[in-house]
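Kindly produce the complete structure, drawing on both the sequences and the hints.
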Amino acid sequence: MPKWGLTMEEGTLAKWLIDEGSQIEPGMAIAEVETDKIVNVMEANQSGVLAKQIADEGDVLPVGALIGVITQGDAAESAIADFIANFGSDEEAAPAEESACSAASDDIYCLTMPKWGLTMEEGTLVKWLIDEGTQIELGMSIAEVETDKIVNVLEATHAGILRRKIADEGDELPVGALLGVIADASVSDQAIDAFLAGGATETAAEDASVPAAEEPQAESAAAGQILDGSLPLEGMRAAISKTVTTSWTTIPHYMVTVAIDMGRAEALSSAQKQAGKRVSINDMLIKASALAIGKYPLINAAFSGKNITLHGDVNVAMAIGLEEGVIMPVIRECQKLPVQQIGERSRELVALAKEGKLGSAELSGGTFAISNMGMLGVEDFIAIVPPNLSAILAVGMVKDEPVVRDGQVVAARMMRVTVSADHRVHDGAYAAKFLGELKGILEAPETILA
Numbered sequence: 001m002p003k004w005g006l007t008m009e010e011g012t013l014a015k016w017l018i019d020e021g022s023q024i025e026p027g028m029a030i031a032e033v034e035t036d037k038i039v040n041v042m043e044a045n046q047s048g049v050l051a052k053q054i055a056d057e058g059d060v061l062p063v064g065a066l067i068g069v070i071t072q073g074d075a076a077e078s079a080i081a082d083f084i085a086n087f088g089s090d091e092e093a094a095p096a097e098e099s100a101c102s103a104a105s106d107d108i109y110c111l112t113m114p115k116w117g118l119t120m121e122e123g124t125l126v127k128w129l130i131d132e133g134t135q136i137e138l139g140m141s142i143a144e145v146e147t148d149k150i151v152n153v154l155e156a157t158h159a160g161i162l163r164r165k166i167a168d169e170g171d172e173l174p175v176g177a178l179l180g181v182i183a184d185a186s187v188s189d190q191a192i193d194a195f196l197a198g199g200a201t202e203t204a205a206e207d208a209s210v211p212a213a214e215e216p217q218a219e220s221a222a223a224g225q226i227l228d229g230s231l232p233l234e235g236m237r238a239a240i241s242k243t244v245t246t247s248w249t250t251i252p253h254y255m256v257t258v259a260i261d262m263g264r265a266e267a268l269s270s271a272q273k274q275a276g277k278r279v280s281i282n283d284m285l286i287k288a289s290a291l292a293i294g295k296y297p298l299i300n301a302a303f304s305g306k307n308i309t310l311h312g313d314v315n316v317a318m319a320i321g322l323e324e325g326v327i328m329p330v331i332r333e334c335q336k337l338p339v340q341q342i343g344e345r346s347r348e349l350v351a352l353a354k355e356g357k358l359g360s361a362e363l364s365g366g367t368f369a370i371s372n373m374g375m376l377g378v379e380d381f382i383a384i385v386p387p388n389l390s391a392i393l394a395v396g397m398v399k400d401e402p403v404v405r406d407g408q409v410v411a412a413r414m415m416r417v418t419v420s421a422d423h424r425v426h427d428g429a430y431a432a433k434f435l436g437e438l439k440g441i442l443e444a445p446e447t448i449l450a
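In UniProt numbering, the protein residues as written are 1 to 450.
Keep in mind the hints are simulated off the structure, nothing from the lab. For clarity, every value in this text was computed on a predicted model and none was experimentally measured. Yeah, the Cβ is synthetic: ideal placement off N, Cα and C, and Gly gets one too. You may find that some hints are simply not true.
[Claimed, not checked] In silico DSS-like links for lysine-lysine, alpha-carbon gap of 27 angstroms or less:
(1) K165 with K295
(2) K242 with K273
(3) K336 with K273
(4) K433 with K306
(5) K165 with K15
(6) K439 with K15
(7) K295 with K357
(8) K306 with K242
(9) K273 with K165
(10) K357 with K242
(11) K336 with K399
(12) K127 with K165
(13) K242 with K15
(14) K273 with K439
[As the list claims (entries may be wrong)] Here are the computed distance ranges between Cβ atoms for each label pair:
(15) E379 with L310: 43 to 51 angstroms
(16) A159 with E121: 23 to 31 angstroms
(17) K15 with G73: 23 to 31 angstroms
Shown next as structure tokens:
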């Protein structure tokens with residue numbers, strides 16, 4: 001089982017893509033492995049023959065667990081059986097992807113070039129997202145790293161302060177190379193200097209991965225039957241649990257709600273459909289949010305310890321509900337995209353999410369988020385601000401409501417939206433002004449098509 005990302009501890013063998021006895025070449029797709037919210041393809045890093053499939057589809061295994069055996073040419077069954085029996089008993093069987101500097105001490109942590117994928121050997125530090133001296137929280141975006149043709153976001157696996165930047169933007173470095181040093185404020189500069197001078201390359205001993213005891217499985221329920229038992233917290237649900245706990249306990253939330261008359265927006269959507277163009281209310285919401293952020297850019301910012309990080313592009317993370325949980329792929333540069341193109345990209349991401357084919361590139365880099373539960377009949381709700389963002393917009397259903405216009409009670413197509421926001425970055429009055437701008441755009445939606 002490979003280690004994809006610094007926080008990965010286990011993975012699920014979703015599907016074998018080749019059979020026992022298949023000839024393997026470097027780069028060949030061998031199996032699909034699910035990690036947290038995405039499914040990645042495991043590729044061969046050597047040639048040979050897949051002599052034995054050890055893991056079954058659906059097995060949840062710790063990093064470094066034996067999935068299969070590749071042989072060079074013919075190998076006796078007894079030799080393969082001996083290898084399997086002795087796997088993990090020597091140093092060569094240990095996971096190769098463990099960082100040589102993953103835990104320098106109890107107080108000093110190394111930030112290293114991660115290994116994303118079996119074939120990754122090096123990466124380019126494209127951009128630091130925080131400054132030296134920034135207070136780091138678990139899951140915070142630290143830097144952008146380019147691997148092959150995509151840019152991934154490196155997230156923090158330890159809390160502390162970024163005390164040293166070792167690598168410069170543009171540096172091309174091998175997996176495991178030191179990028180920076182994270183330590184608490186109690187650690188002196190001299191201690192960090194001494195560590196860098198003598199201990200930066202020492203490998204820290206880590207506990208061997210031990211499979212957890214099996215959890216009792218809940219019985220399949222007949223219609224109307226109430227389940228009794230427990231379910232293991234794993235995969236996407238475990239990732240969601242970790243993320244929302246971090247957000248709710250570390251971000252001081254506040255919420256502001258506004259009601260918007262969507263009558264003209266609905267009429268515009270219908271007119272576009274009749275003209276052979278597809279523009280949904282959700283597409284309009286995304287574009288209108290990007291336009292409103294142009295006037296209130298702190299909504300698109302993020303708290304970074306001693307600084308507030310401003311983002312030049314509006315990259316909207318769009319909540320998609322799946323059977324397993326919620327996933328938030330990102331539509332990039334929404335301030336530049338025409339609303340029709342936003343709709344096309346949105347539908348592409350929904351299709352990829354349902355097929356389980358979203359990658360880290362689609363799931364990283366968000367600067368603002370939208371969660372729309374209007375289609376579920378929800379009138380209004382509050383959403384939790386995701387890590388590394390300062391705001392998320394919760395969208396309710398559009399419905400007929402009585403309103404007073406010119407002294408007369410009339411029916412209007414009203415929708416309520418609530419922004420949940422990080423009080424460290426901005427205040428309620430600022431969010432109210434943002435919502436006022438958003439309301440104005442949606443109630444006179446012709447500017448969305450410009």
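Hint check results:
Using a Cα cut-off of 27 angstroms, the hinted pair K165 and K295 is violated, with the two alpha carbons roughly 33 angstroms apart. The hinted pair formed by K242 and K273 fails the criterion: a straight-line CA distance of about 41 angstroms is larger than 27 angstroms. The suggested pairing of K336 with K273 holds, with an alpha-carbon distance near 22 angstroms, which does not exceed 27 angstroms. Taking the CA atoms of K433 and K306, the gap is near 25 angstroms; set against the 27 angstroms cutoff, the hint holds.
Between K165 and K15 the CA atoms are separated by roughly 40 angstroms; this puts the pair beyond 27 angstroms, and the hint is violated. Taken as a hint, the K439 and K15 pair is broken in the structure, with Cα atoms around 47 angstroms apart against an allowance of 27 angstroms. About 35 angstroms separates the Cα atoms of K295 and K357, which puts this hinted pair outside 27 angstroms; it is violated. A distance of roughly 24 angstroms separates the Cα atoms of K306 and K242; the hinted pair therefore holds under the 27 angstroms criterion.
Of the supplied pair hints, the one linking K273 and K165 is violated, its CA atoms being roughly 52 angstroms apart against a limit of 27 angstroms. With a C-alpha separation of about 22 angstroms, the suggested pair K357 and K242 falls inside the 27 angstroms cut-off, and the hint holds. Distance hint between K336 and K399 is unfulfilled; the C-alpha atoms sit about 31 angstroms from each other, more than 27 angstroms. This hinted pair checks out: K127 and K165 have alpha carbons roughly 12 angstroms apart, not beyond 27 angstroms.
For a cut-off of 27 angstroms, the pair hint linking K242 to K15 stands: about 26 angstroms separates their Cα positions. Proposed proximity of K273 and K439 is supported: the alpha carbons are some 23 angstroms apart, at most 27 angstroms. Taking the beta carbon of each, E379 and L310 are about 34 angstroms apart, not inside 43 to 51 angstroms as hinted. The hinted window of 23 to 31 angstroms between A159 and E121 holds, with their beta carbons roughly 29 angstroms apart.
Look at K15 against G73: about 27 angstroms separates their beta carbons, and that is inside 23 to 31 angstroms.
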